[in-house]
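Use the sequences and the hints to build the structure in full.
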Amino acid sequence: MKKGRKNIEIKMIYACVMLVFLIFLFVPLLKLMQQAFVENGSFTWSYFREILRESSFLKALKNSLLISFTCAFITTVLAFLLAYTIYYTNVPKIWKKLVNIIALLPMLLPTITYGFAIIYSFGKQGLLTRIFGHEVYMYGFPGLTLGYVIYTIPTAFMLIHNTMGYIDKKFGVVSKLMRDHPLANFQISVLRPLWGTLAASMIQSFFLSFTDFGIPASVGGKVNTIAGVLYQEMLGSIPDFNRGAVVAMVMLMPSIISIVILKWLERYNIRYNKISNIELEKNRVRDGVFMGISAGIMAAMLSIFAVIFVVPFVEEWPYRLNFTVEHFTAVFQDPNLLGVYTNSLFVAVLAAVFGVLISYGAALVTARSTLNEKLKSVIEGIALVINTIPGMVLGIAFLLTFTGTNFQGTFFILIICDIVHYFSTPYLMMKNSLLKMNASWETTAILMGDTWMKTIVRVVTPNALGTILEVFSYYFVNAMVTISAVIFLAGAHTMVITTKIKELQYYNKFNEVFVLSLLILAANIIAKYLFQWLAYKEKMK
Amino acid sequence: MLKLENITKSYDGVPILENMNLDIQDGEIVSILGPSGCGKTTLLNLILGITEADSGKIIYNGEDMTHLPMEKRGFNIVFQDYALFPNLNVYRNITYGLKNKPGISTKEEVEELIDLLGLREHLTKRIEQLSGGQKQRAALARTMVMKPKILLLDEPLSALDGVIKESIKDRIKTIAKEYHLTTIIVTHDPEEALTLSDRVMILNDGGIAQFGRPEEIIHQPKNAFVEKFILNQLRIKRNNIFTLFGETTAVEKNRKAVLVS
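Protein chains in written order, with our numbering: chain C, 15 to 555; chain V, 1027 to 1287.
Be aware that one or more of the hints could be misleading.
Claimed, not checked - Keeping only pairs whose Cα atoms sit at most 25 angstroms apart, straight-line, the calculated BS3-like set for lysine-lysine is:
hint: 1; chain 1: C; residue 1: K468; chain 2: V; residue 2: K1175
hint: 2; chain 1: V; residue 1: K1133; chain 2: C; residue 2: K468
hint: 3; chain 1: C; residue 1: K468; chain 2: V; residue 2: K1125
Hints are computed from structural coordinates only; laboratory data are not their basis.
Below, the structure written as structure tokens:
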């Protein structure tokens, strides 16, 4: 039977995908729960009770919640202003392009780098302190908030920018013709259609801040966060895996809640079929004001990053300020550091290659096969569950599960952790792209004598190439910058840049930190824009 | 000859086709006409082999095809949205099947098809550069290269406008006659069905309302459904056209006919 043949291949793909997630998602999560809830073979709340009674833990939890909320609010407002500048003002096109690029820039660097950049900008000898002659104390709350805001702006901006493009701009014209007050106009034609997305942006920003490890590791100072507590429990002076598992579960809770709310908010999203464009009214004052606002936001972001470009190029910050490339040559001559860089590239490339394969395979099953709907919904469920699991939690689950096995301290474990951790977005990108394709291709091709596999190779894959390239670059960039997913897994021989930066921090080797950060940035810029360009060319072809 | 015997098909307990019997002669153009949800696409899928009947038989030239998989039946289809492959140009779309079955059409036969369907000047174009009619012709050529025993066309004209429709109609007729090809067309448009085919099968409520030559259907509608939904529609169309051309007598004459019915 034709159906039988077709299903053999798709079932094999399905089985492979399931196997990967069984071993590298479900088993580790079960192991984590076991550590948190099982004592001497029976269920217990004792680890939970013990930790929840500690005031230091509660303090850290409170800090995390408070800072993450603050950041979520600030980020959403800023991202909204940037997106508004793009869609609702007549600032020059080139300016809009600039806003687009700079708002997404922080994605290309690890969070731990922003933290150090903040210190080097605002500290006693900081770049900005020296320029403005005034020191701002940044350790703790202010630095954490600023760091999280920078970290989450790209995500919030992308979300808002996306929806805003689809808002029917004619709402505003109609509202004006109906003689609405400008505020009422703004409310009905911009805020209302955007409501769900603004909430989603807040929640995403909250989730990212709450679970990030890089920023508190660098700029946290005496203010402890839940990510810091987790790190201490697992890799501190007295590691306690049971307590670590409990903290991880606590970190999981808000994540799960936020994803559930996000899922629920999805139904409030408006989806129009095409981007609506309408000529905006001339209004010099409006354009000027928003140009000023966006310039301010961008300048603030760039000024913090400036230090990354300055410090490694001078002899000895802040005392000898002559230009030099010696720090770069030193890194390149240090086989250890150079090895760390090639490790990072190696992990990122392989995570991208296999990440593409697994997300493409999973998407083929759900979008282009006649497999049972229940089996398909398992994949959807996996994508959803992964969305709720912070990188640190997954990392700990891996640590608990694979310590003592052959996987411990291998590149394989880093790569698979990256692949699982970042699976959701690539999967959805692939699925959407495959769903948009003509549903009759496979039938037509089979009638032309193709097997199912042949059709996938000859027709479906070439037409999905643009998305495949985008997914590749998504995996690559994220694998390059992630620290939370790999901090518990990188061994002596499998050190990647982000974990190395954490180590260099102990020795105050900040020149190296910034040089390595620039190397990450360079690789990511190349990967991102090269693949974007390739994908664009592919779509234009 | 294609023969359907007592075909029954239901989805989730809802019967779509019930005890359907049907004979289609070699080289005949048959249209399956009916409103949406009448089961015409299901019938097409059953003949093609995408879906299997709950009971009944599909026999082609004496051979039982009921359980034969789609690709072994030797029938072929042009889908409503053409399903052309955008990563390949027109020529490579047309010759797609030759990679799998190299000898199925000779070079000359392919060239002849290209000329017959007027695709010569479009061969190196990308799919999205083609107009709707050109896409339809390219898809038709691609299918014809496979030398189908039966050609199935799913709403071949619905995505096309005015003049193109008429020219594609002619091409389909030419192809069917030239290759003595059994052609089954699914459509919801009575005008299309009645002007394009040798016989028309009108489906309603999972059964055949009438199956006959176009003139039989026009002059001897078998039941109220054919009269009300098929003929009435054509009369209204005709009256509008007559009105446009100022031929009032015909309009008057037909208005009476409509009122009587």
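Open item on the list: Hints numbered earlier in the text: which of these fail when held up against the supplied structure?
Closed with: Hint check: nothing fails, all pass.
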